[in-house]
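**Q** Spelled out from the first residue to the last, the chains are:
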Amino acid sequence: MANADCIVLQGGNMAEAHPVGFQWVAEAKARGAKVIHVDPRFTRTSAVADKHVAIRAGSDVALLGALINHVLSNELWFKDYVVAYTNAATLVGEDFQDTEDLGGLFSGFDPETGTYDSSSWAYAHAHPDEHQPHQGGAPGDALGSGGPPLQHAEVERDETLQHPRTVFQILKRHYSRYTPEMVQEVCGISPADFDYLARAVTENSGRERTTCFAYATGWTQHTLGAQFIRTAAVLQLLLGNVGRPGGGIMALRGHASIQGSTDIPTLFNLLPGYLPMPMAGNHDNLQDYLASVGTKQQKGFWANSDSYFVSLMKAYFGDAATAENDWYFDRLPRMTGAHGTYETAMSMLADEVEGYFVLGQNPAVGSANGKLQREGMRHLKWMVVRDLSLIESATWWKDSPEVESGEVRTEDIETEVFFMPAATHVEKAGSFTQTQRMLQWRHQAVQPPGQCQSEMDFFFELGRRIRGLVAASDDERDRPLLDMTWDYPVDDEGNPDPESVLREINGYRTTDTGERELLSSYTELAADGSTSSGCWIYTGVFADDQNKAARRTPHGGPGVSQSQWGWAWPSDRRILYNRASADPDGKPWSDRKKYVWWDESEQKWVGDDVPDFPVDRAPHSRPDPAVGGPAALAGDDPFIMQSDGKGWLFAPKGLVDGPLPTHYEAQESPVRNGLYPQQQSPARLIYPRQDNLSAPSAGTPGAGIYPFVFTTYRLTEHHTAGGMSRWLPYLSELQPEMFCEVSPQLAAERGLVNEGWATIVSPRAVIEARVLVTERMKPLTVGGRIVHQVGLPYHWGVGNHALVTGDSANDLIGVTLDPNVQIQESKVASCDVIAGRRPRGRAADALLASYNERAGVTVHTDNQRVTDVREEDVDDE
Amino acid sequence: MGRFSALEWPVFRQLRSGDHLGRGPAVASAKTRATQSRNATADRVVQSICPYCAVGCGQRVYVKDEKVVQIEGDPDSPVSRGRLCPKGAASEQLVNAPGRQYDVLYRAPRATEWQKLDRDTAIDMIAERFVRSRRNTWQETDDEGRILRRTMGIASLGGATLDNEENYLIKKLFTAAGAIQIENQARI
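So the protein lines, in turn, are chains A and B. So in UniProt numbering, spot 481 of the first sequence is number 481, and the numbers just go up one at a time. So in UniProt numbering, spot 35 of the second sequence is number 35, and the numbers just go up one at a time.
Derived by calculation from the structure, the hints in this document are not laboratory data. Even for Gly, the Cβ is constructed at its ideal location relative to N, Cα and C. Check before you lean on any hint, since a few could be wrong.
Said to hold, decoys possible - Within a straight-line C-alpha distance of at most 20 Å, the following computed DMTMM-like cross-link-like pairs (lysine to aspartate or glutamate) qualify:
1. B:Lys116 to A:Asp326
2. A:Lys381 to B:Glu113
3. B:Lys116 to A:Glu414
4. A:Lys381 to B:Asp65
5. B:Lys64 to A:Glu411
6. A:Lys381 to B:Glu128
7. B:Lys67 to A:Glu414
8. B:Lys116 to A:Asp399
9. A:Lys398 to B:Glu113
10. A:Lys398 to B:Asp19
As the list claims (entries may be wrong) - Sample of chain B residues lacking proximity to chain A, with all beta carbon distances greater than 10 Å (derived):
11. Ser5
12. Pro10
13. Ser17
14. Leu21
15. Ala26
16. Ala28
17. Arg33
18. Arg38
19. Pro78
20. Pro98
21. Ser133
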């Protein structure tokens, strides 16, 4: 980011949520870069930016789509980059229909199931006579990091971009109505502010300059969150800002190893290295499974998915994974749909879940619809909470809001709860992967005190004992537990050596004589069982028997990429797709933005980073695409994980809610969709339940009862649900109380007084907060009316153990999810705000019931997939 | 207090010590001068990484008598250049928090209070419940006879604050057990 000429911070508050990372934004600004903050709130990020643009929460696609339209209409796109490196020239099949044609839907939507069949979004086939296999609606949760597979790499292209079915022309049509006037109507942003942003971004892109975007959960926590990020990706590709220094779209992630826990996932839908968990029906045999990850016919490194998968099975099951048993594929458990944390909570309520582990997380406070979460826990038979202190998720059975209100009695709750004290980050050794994919090893400073124990020691021991309990079993279902490799070297206390686990993750080659050699790159992995790797993208972290995550050369050494500090996946590359930092001829786009280039004399790619490309593939090399895999990559195919080697402006497959980002309103919104008759994203995941009601959206009866938009956010002094901050004296003193931020205008309208109390009501809950009246919250004029926004930090919870407690913002939030990633919409929802403290006990339930009755809320409210366009608008101000 | 000396006048101290602006030694009290930093008396310094957000700031952990006495930013880190935010700077209190729990606790069905439990016993009890719940809720095939080989009766939430090596073992154990409902903060 320090190398950027313009930085757009949108969907995050970097100065407060990532303050130390923000020094690089400050550094760029000191060198003359322009910094723009787009956010509903004016924050400390805005205070030091060149410009703050206030936006209505949830309307980002309209703004970014208008920037795309601006770039296309004014010929401001980076032609050489776009034509060579993106799929702009690729032709889409004749059956595709856009949202412009279908009132806000793409072709292939099934209103019964709420899902798209994406086959009509496919590329046109260069050889139409050949059999084209059916490309059905692949589940978004079953796809790897490189996007979905294509059956082939032989696409039809029109390099002039004039053919009406080129991606470029489709893009132009799709965004043609995303104008500055529309931005004003939808986002509440003035044409002057739009012009400022558009100029800043376009003037700072091209050969000589680069613009960088950075986002956080302000983009992810929406019913179309993945599409928010896609919109920025389309814009950045058009401007040539991907794979270059000072470019890109930075995900500012919020937990020390949230990147690592996605790479080596504790997630239901993935195996390590973004390999999908098998899905019943789609992956009934190994061949189908591998074909869904990457075919041998497609371009790029996903074509080697068999090597990655077989090596993983060898790491998991050792000698028990053989060619004869398809490398253990048949014994892996199968998904049958989405089994995310919210589905699990609902399964708990249906008494389908008996046991629940909660590991350094606090769902009673930190997950959307907290009441539903806590009620789910009451249905469990047993629960294990591993944390440093008695968080609300450990003590809900005696001090939750429901116990406090008398709704439930502790004596009636059957759940057994085990609290296991955890070790802190300095009481164990191990690696975190930070937000730029860099692994950093932590050395152990001291032993864990008392009965505290690391997750590694606990799970190693638990696994050992579970294996002991089934050791004598001849039941087939117990085979994987017994076949699993679990023989880590242990210390005097019987605890495993963390570096031995990192070695297993790195992977080995077993020689003919049975010797095991550590591998140095994923390109060495084989599909014949001779190699193992617990996570293929991490191969190389332990190359040469050196823990590269533990490298600590001060300041990362003298090189531009500072690579002598830690280790970045894959292959220690610091900027991904960095082949795009050179032009199609392999020369740097400019001296100023020089990074990786083709060296004619050495006949290889060289530069300031590890080239993210086959190192000897010449720029003008044009191998036959039919050979497939990395060998099929042309010298100008920088996107080596994509099945056609190109950056995707249009996604012919892979996203379940549309090939192009499209503006839809949130599940609950006081504003009608200004662009299409379709109000919400039709493919969003809805959960129509009595315990998960939604506020009526604009144009439907009762919309005026919950008139305000609320958004949630983090404070510098607290961490998520507070488990690592509300028990610390300093941090608790710095931010002692839950509050709400409101504008002076809203305060006047509702009689709110600074430092007084407010009660906030959503269809799910009633909470209270202290009032902060501030001009940082600006009422916006949207669609001809004033929209008030309310800011709510979400760190507090009700319990008896933390130093500071308070009502939880998550209790207000409903469960409606993005269909690609199953993340909840918690950055925008509807509420009412009234002065004073909330009622206690049953009176709070009565208040909630009266609101929902007045608003006419039922389980059907907002839960139509396709908006009924015949319906008359109801004005319910 | 010793005898008053004109040489101890602040302006003389500023001139005498070279601290002309009175921002350093010239204005240090006797107490401050007698105090030594706990970092200076630490037995050892261990390099670590901040456990809060994903920026990944470097930390130096100061240990004395096998106790963490201070945690500060690591100036060597190219990520953070020695800086920490209020959370990272407070992380010594995370280790030594007054409310931190050091005992294994167990709440029996319908009980109104915790009871202490030996860790070994607790792990045995959890292992036994894990195996039983897995057996109770096992799904070998679906209605169409397709392989499922799983349990939907055991779930887990957490991982974004854990180490890669820990997540690896958890995912491996749960996958081998057929427990697929395993999630973390990345979904939220």
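**Q** Each hint: holds or not?
**A** The hints, checked one at a time:
{"no.": "1", "hint": "B:Lys116 to A:Asp326", "result": "violated, 47 Å"}
{"no.": "2", "hint": "A:Lys381 to B:Glu113", "result": "holds, 17 Å"}
{"no.": "3", "hint": "B:Lys116 to A:Glu414", "result": "holds, 18 Å"}
{"no.": "4", "hint": "A:Lys381 to B:Asp65", "result": "violated, 43 Å"}
{"no.": "5", "hint": "B:Lys64 to A:Glu411", "result": "violated, 46 Å"}
{"no.": "6", "hint": "A:Lys381 to B:Glu128", "result": "holds, 13 Å"}
{"no.": "7", "hint": "B:Lys67 to A:Glu414", "result": "violated, 39 Å"}
{"no.": "8", "hint": "B:Lys116 to A:Asp399", "result": "holds, 19 Å"}
{"no.": "9", "hint": "A:Lys398 to B:Glu113", "result": "holds, 8 Å"}
{"no.": "10", "hint": "A:Lys398 to B:Asp19", "result": "violated, 59 Å"}
{"no.": "11", "hint": "Ser5", "result": "holds, 39 Å"}
{"no.": "12", "hint": "Pro10", "result": "holds, 32 Å"}
{"no.": "13", "hint": "Ser17", "result": "holds, 32 Å"}
{"no.": "14", "hint": "Leu21", "result": "holds, 25 Å"}
{"no.": "15", "hint": "Ala26", "result": "holds, 30 Å"}
{"no.": "16", "hint": "Ala28", "result": "holds, 24 Å"}
{"no.": "17", "hint": "Arg33", "result": "holds, 26 Å"}
{"no.": "18", "hint": "Arg38", "result": "holds, 14 Å"}
{"no.": "19", "hint": "Pro78", "result": "violated, 4 Å"}
{"no.": "20", "hint": "Pro98", "result": "violated, 7 Å"}
{"no.": "21", "hint": "Ser133", "result": "violated, 4 Å"}
In summary, the structure is inconsistent with hints 1, 4, 5, 7, 10, 19, 20 and 21 from the numbered list given earlier, while agreeing with the others.
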